[in-house]
Every structure is written in C-alpha cells, then in structure tokens.
Amino acid sequence: MDPHVTDPSAPLKGKPSKKAERQLAREGKQQIISFVFMIFLTSIAFLTVASDTIPNRFAIPFILIIAAVQVIMQLYYFMHLNERGNGWTNIMLWTGFFVAALTVATLMLLIGVTKY
Amino acid sequence: MSNAQAQKSVLWDWLTTVDHKKIGIMYLVAGGFFFALGGLEAILMRIQLMFPNFDFVTAQTFNELLTMHGTTMIFLAAMPLLFGFMNYIVPLQIGARDVAFPFLNSLGFWLFLFGGVLLNLSWFLGGAPDAGWTAYVPLSSEYSGTGIDYYVLGLQISGLGTLIAGINFLVTIINMRAPGMSMMRMPLFTWSSFVASALILFAFPALTVGLLLLMLERLFGATYFAVDVGGNVVIWQHLFWIFGHPEVYILILPAFGIFSEVLSTFSKKRLFGYSAMVFATLIIGFLGFMVWAHHMFTVGIGPVANAIFAVATMAIAVPTGIKIFNWLFTMWGGRIQFTTANLFAIAFIPSFVMGGVTGIMLATSAANYQFHDTYFVVAHFHYVIIGGVVFGLFSGAFYWWPRMFGYKLNETLGKWFFWLFLFGFHLTFFVQHFIGLMGMPRRVASYLPGQGIDELNFVSTMGAFLMSVAFILLVVNVIVSVKNKSEADPWDGRTLEWAIPTPTPEYNFAQTPLVRELDALWYEKTHGNGKIKAAEPLDDIHMPNGSILPIFMSLGLFLASFGLIYQVHPVTIIGLAITLGAMFIRSIKEDHGYHIHKEDIKKEEGVG
Ligand code: HEM
Ligand SMILES: [Cu+2]
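Quick note, the sequences are listed as chains A and B, same order.
With the first sequence counted from 1, adding 36 to any position gets you the working numbering.
With the second sequence counted from 1, adding 3 to any position gets you the working numbering.
Do not rely on the hints blindly, as some may be mistaken.
[Stated by the list, open to error] Beta-carbon label-pair distances, calculated as ranges: (1) A:P97 / B:D543: 33 to 41 Å; (2) A:T131 / B:T529: 34 to 42 Å; (3) B:D543 / A:G121: 24 to 32 Å; (4) B:L331 / A:T131: 52 to 60 Å; (5) A:L143 / B:I339: 21 to 29 Å; (6) B:R589 / A:K151: 44 to 52 Å; (7) B:F341 / A:M144: 52 to 60 Å; (8) A:N118 / B:K592: 31 to 39 Å; (9) A:T78 / B:K536: 50 to 58 Å; (10) B:G531 / A:I102: 54 to 62 Å.
If you are wondering where the hints come from, they were derived from the structure by calculation, not from laboratory data.
Glycine included, each C-beta is placed from N, C-alpha and C at the ideal position.
Just chain A, same shape as in the assembly:
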C-alpha cells in the first residue's frame, strides 16, 4: 500500500508523472518571467528615487503602488496562490485585508486633529 494512506508524513517515493513534469516546466517558465518582471519593477523604483526630475509628490505614491503589485505577484506566482484549491486562502486573505484597510483608514480619520 502507498505509505501515504496510512501515514501522511511519510516521504514521497518514485518519479513524478508525465503530466506533473509538464506542469512543473510551465510553472518554472512562469516564475522566471515574473522574476524578471519584478526585478524590472525594483529597478524602476530605484530610478524614481535616484532621478532628480521626479518630485517626491509623485515618487512616494508611485513606489507604494509598485510595491503592492510586487506583493501580489509574490503571493500569486511564487507562493502559488493562483493554483486551484486555494479558494479559502484567497477568501480569508482578502477579507482580512479589507477589514484591516477599512479599520486603519477609519482610525486615521478619527484620531486626526480635525474632528468630523
């Protein structure tokens, strides 16, 4: 019997199937592409700060936006959130994000000097 049936923590044996191999190759390609893209985003961030012509007013929100893009790519391509079977992880992640963002935004309004 496959030892996994009785003991889920037993090590895997044997080679992956043809289908699994093809899947791995495709994933590998995807990861290289997103890796290159993320390096590109990072260099843009450096350029934005280094260049004297770009004002801070633009640079700060811009860098924050590409940071958000990077986080999302990290989660979905490198941490495999884009694969099937991650429905619940996605639901919990975005609910948590939504609740936290709303709370922090409200809090910032409430504890400011101006009262509404």
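Take the given structure of chain A and dock chain B with the ligands to it, following the hints.
Quick look at chain B with the ligands alone, frame taken from chain A:
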C-alpha cells in the same frame, strides 16, 4: 486497547493528550473553575453594594474585584467554556477524527490556562489589576500598580492560546469535513464556530498590539500614551474596542449556534430558514468590525463619526432580528419538549431581545451621553451576556452532557436550577436599568443613602444570591447524576455527533461517515435505516501521539512574564529559552503517530 498509551498513568495521559475530546473537557473544567471564581467576585461586589455607605470591602478591593470579575468572566470563563464545546463537538459534527492540528490544540489550551493562572496570581503578589477590564490609559499606564502588569502579560499569553485555537478551528472546518458534508450542510453550531474563529483571527491582533504597547510603556518607558510628550490616550481605547466589539460576537455567535441546535432538536423540526441563518451569522460577523466606536461616543470623536457608528450599530439589529424570527418559526408548529436544555433556549429569546433593545437605545449616540457609564450599561451587557452567552452555555451543557460524559443530568434538579437562575438573573439586572437611569454610575464602590436607589440595590443583590443558589444546584446535579447512564442518542438527535456509540471512542468514527443531507442523522432516520452510511471500508486508523511539550512552551512564557514584571532579566531569558527549546525539540523530533488496528476497532464497536 493495544496501544502503548493505555498503560501510562491517567494523569500523564491528560497532561500530554492531544485528543480534541479530552482537551474540550479540560477547557470545560478550567472554564468552570474560573466561572465560579468570577461569580464569587461578583457576589462580593453585590454584598458591598447591598446597602448605601456599606463597609464590606474597601474601595481599592472593590476596584480589584470589579476588574478581575470582568476580565475573568470574558477571557477565562465564557470563551474557554465555548471552546470546550467547540473542541468536543465540532469535529464530531463534521465527521472528523480530530482537529486539523492536535498538537496546537493542546498548546492553545495550556497557554490559556497558564495565562489565566498568571493573571490570578496577582491577588497574592501585590494586588490585582484595578483599572477595569478595559484598562483605559492613563489610569492603567501611569496610576496603577503591578496588577496591570499581570493583566497585560496574562492576557497576552492566554490571547495567544485563543488565537491558536481560532486558527485551528478554521482549518479544521475547512479541511476536515467528511465526504458529503458541504459547507451548506454543516450544523449551525459548526457554522457559528467557524465565523467566531474568523473573528478571533481578525480581532485578536488588535488586542495583542494594544497590550504590547501598554507593556512597553509600563515596563520599558515607551510613551505612546503619555500626553505630555506627544502621546495619545485615545489610541488605546480604539485598539481595545477594535478588538472588544468583535469579542462580544465571538462570545455570542457560538451561543446562537447552540440555541439553533437545541431548538430544532427539541421542536422535532428542521431549523427554519437554514441558509438565512448562515447568511445572518456572516453579516453579523462582518458588521461586528464596523461599530467599535459606539463604546466611545462620549470621547468626542465628532458628531458625523458618532452618527455613522450609531447607524452601523443599529444595522446589526437586522440580521439579529432575522435570527430571532427563524428561531420562533422553528418552534412554530413543532412538537416542543420542555427539557432543561430547551428551557434555557426558549428563555434566551425574550431575555436576549431585552438586551438587544437596550443596545439600540445605547447606540443612539445623542442619548448615549445620558446612559454612558451608568448602571444602565451594566444592565444592558449582562442581559446580552448572561441572557445570551451564559444561557447558551447552560443549554449546551444539558444538551451535550450525555455525549461528553456518558450520563444525563437530572431533569428535575435541572428545572429547579433553570427557574431559580432565570428569576435571579432578571431580579438582579432588571432593576439595574432604573438604578442607571436614576444616575448611579457604574464602577463605584459605594453610594450615598436617600437617592431613591437603596431599595433597588438591595433587590439586585437578592437576585444575585438566587443565582448563586441556582449555580450550587447545578454543581450538585453534576455530582448526583453520575449514575444516570445515558444511551448514545438520548434526545433523538439530528446531527452526526449523536451517531456514535457512548462513550465516544477516541477515534470518533470507526469509518468516516458519508453525509447525504443537512441534519445527516435525521435524514438517515427518516429516509434510511437510521444508521449513517460509511464512506470508507473499516481499516487501521492513524492517530497522533500525545506530547508534554505544550506545557513546557506555556510554562516558559509564564516564567518569562515574572522576569518581565519584576525586571529580573535572567529569568526572562531562561523562560524564553524553555519555550524556544521546546519548540526546537518539536521541530526536529520525527513523530509519525501510531495506529489503532482494525481488530481492536471491531472489538470496541462490538461488530465482526
Ligand atoms: C453571576 C452573575 C453576575 C453578577 C451578579 C455580576 C455582577 C457584576 C457587577 C456588580 C459588576 C460591576 C458593575 C460596576 O460596578 O460597574 C459587573 C461588571 C461586569 N460583569 Fe458581571 N456579573 C455577573 C455575571 C457576569 C458574566 C457571566 C459576565 C461575562 C461573561 C460578566 C461580565 C462583566 C463585565 C465585562 C463587567 C464590567 C467590568 C468592568 O467594568 O471592568 N458578568 N458584574
Ligand atoms: Cu460594542
């Protein structure tokens, strides 16, 4: 049984257990103990308030009793008692053999227990915390003794345990459901435990951060809340209530789940509007995060902000109302049995509605300036907490007792207990509405005579005595009923937990069940042969090994807390080293668990 564990001593077995049923029972025992302790503190307060200008306890002691009563009841009694039921029942209701992470489950329990013990040791080591369960700064940061350090660290440790337990339930309910048990076939207690766990996951971090800031401020001289150097005291209130309001839903939602099970079982009817119930639970959970500032109307956060939070708060009455009507329609036309469990569920409806109505009154932000910090508030939250959560706990205890302990609680004694408790509860807290409206502030150690509140306070204390007598009857009941052996399905149940033999075998289900409908057992009783179908052939069952490590992890943090409180940092380091060492051992030691063999299962199930 042929496994090695059966030979070890009973005590060792309980200390190292990772079985969700034993952990559930330990939660109930520890929670029950803290409930009695919190009740004792309440009685002492009520005696002090029995007469004007009374000298039963000093004002300082009163403040300590008050703080420890609130903190104990919320964090160490109500929540752990609910966790006890969730631990024991949820895996059974979804047809699982255990929770997703049995080791973490045990760690969660021991963290809670050591946190609770730490908090209560403050009584003997320089005085208990005395700034109310809300521990508002700057009272708690600049004007209180070491008691608050115990509060901060005790709650931090037990809060960690709660967070771990919440995550564990989420993963369990998502991943461990038996074949056929889709989300929309889950019993309502499982559903509400699921939503409550999600609330724990999202709400407790706010408390963790708040407590961390307060600790840094008290022990390491940080100045987040020190106004003279640019700190802001209101931030504590926000952090506390961002956690605190979801917390009350963490308490009430599982109780709602219990009532749903009990009312439907004892009305011999399917729960009315199942999907509306699920939806309402989700909406309540979500809205629970949008209303925290209703505790801060008088702080001066601004009229528009007050109005928005007032409306958001009132909106929660809508899904709650949906639930109330669904419970009423569940009973409508049903064959109602007035068992003790069901009496508590039925009495819950009007009691909780009264608490809800005063809640809406309090949410009216303009009127709140009048009600705030008076006994009106005390009456309100005891109506929802006792009329809701505590009734739910009692109802669940009578309902699930046969499943958990193999015997039925005596119904005659149970009914005496119910009527005494119900009467005592309303006597205590109904009059407090008027005491509050006449202007008596909450959290005062005494009051002057001749303000028209002397008699009402006396009546209130008499009610508290009645509740104590009732509670003693419950304890007596637990003891004298031991010989009332119960069959496996004493209430003609509807859900999976009643499909297994009594006492519950440690592997729960010999074969993983196949679920064909909502109310799985009831469906098989009416459409099948009354037995749950199996989803797999009978085979060896893989079980996790017990472990003593969770106790050491918790003990390490417990020791480290003393090091922090008294600023003896070698102790802090030793404590943390114990915790990290135990974590290290856990990580490197391979542990594949063990198997219960097919033959032994057959023997135990009495087949083949
Ligand atoms: C056994 C019946 C109970 C009695 C007689 C009782 C009595 C009291 C009294 C006299 C106070 C002080 C009010 C004040 O001076 O402001 C109080 C506060 C409080 N009670 Fe209870 N109580 C009972 C049960 C519970 C339960 C079961 C819970 C929660 C699960 C609870 C939660 C609280 C909380 C959170 C406070 C506020 C503490 C604070 O202001 O810091 N009580 N109770
Ligand atoms: Cu609230």
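To see whether the hints hold, each was checked on the structure:
{"no.": "1", "hint": "A:P97 / B:D543: 33 to 41 Å", "result": "violated, 60 Å"}
{"no.": "2", "hint": "A:T131 / B:T529: 34 to 42 Å", "result": "holds, 37 Å"}
{"no.": "3", "hint": "B:D543 / A:G121: 24 to 32 Å", "result": "holds, 27 Å"}
{"no.": "4", "hint": "B:L331 / A:T131: 52 to 60 Å", "result": "violated, 31 Å"}
{"no.": "5", "hint": "A:L143 / B:I339: 21 to 29 Å", "result": "violated, 47 Å"}
{"no.": "6", "hint": "B:R589 / A:K151: 44 to 52 Å", "result": "holds, 50 Å"}
{"no.": "7", "hint": "B:F341 / A:M144: 52 to 60 Å", "result": "holds, 53 Å"}
{"no.": "8", "hint": "A:N118 / B:K592: 31 to 39 Å", "result": "holds, 35 Å"}
{"no.": "9", "hint": "A:T78 / B:K536: 50 to 58 Å", "result": "holds, 56 Å"}
{"no.": "10", "hint": "B:G531 / A:I102: 54 to 62 Å", "result": "holds, 59 Å"}
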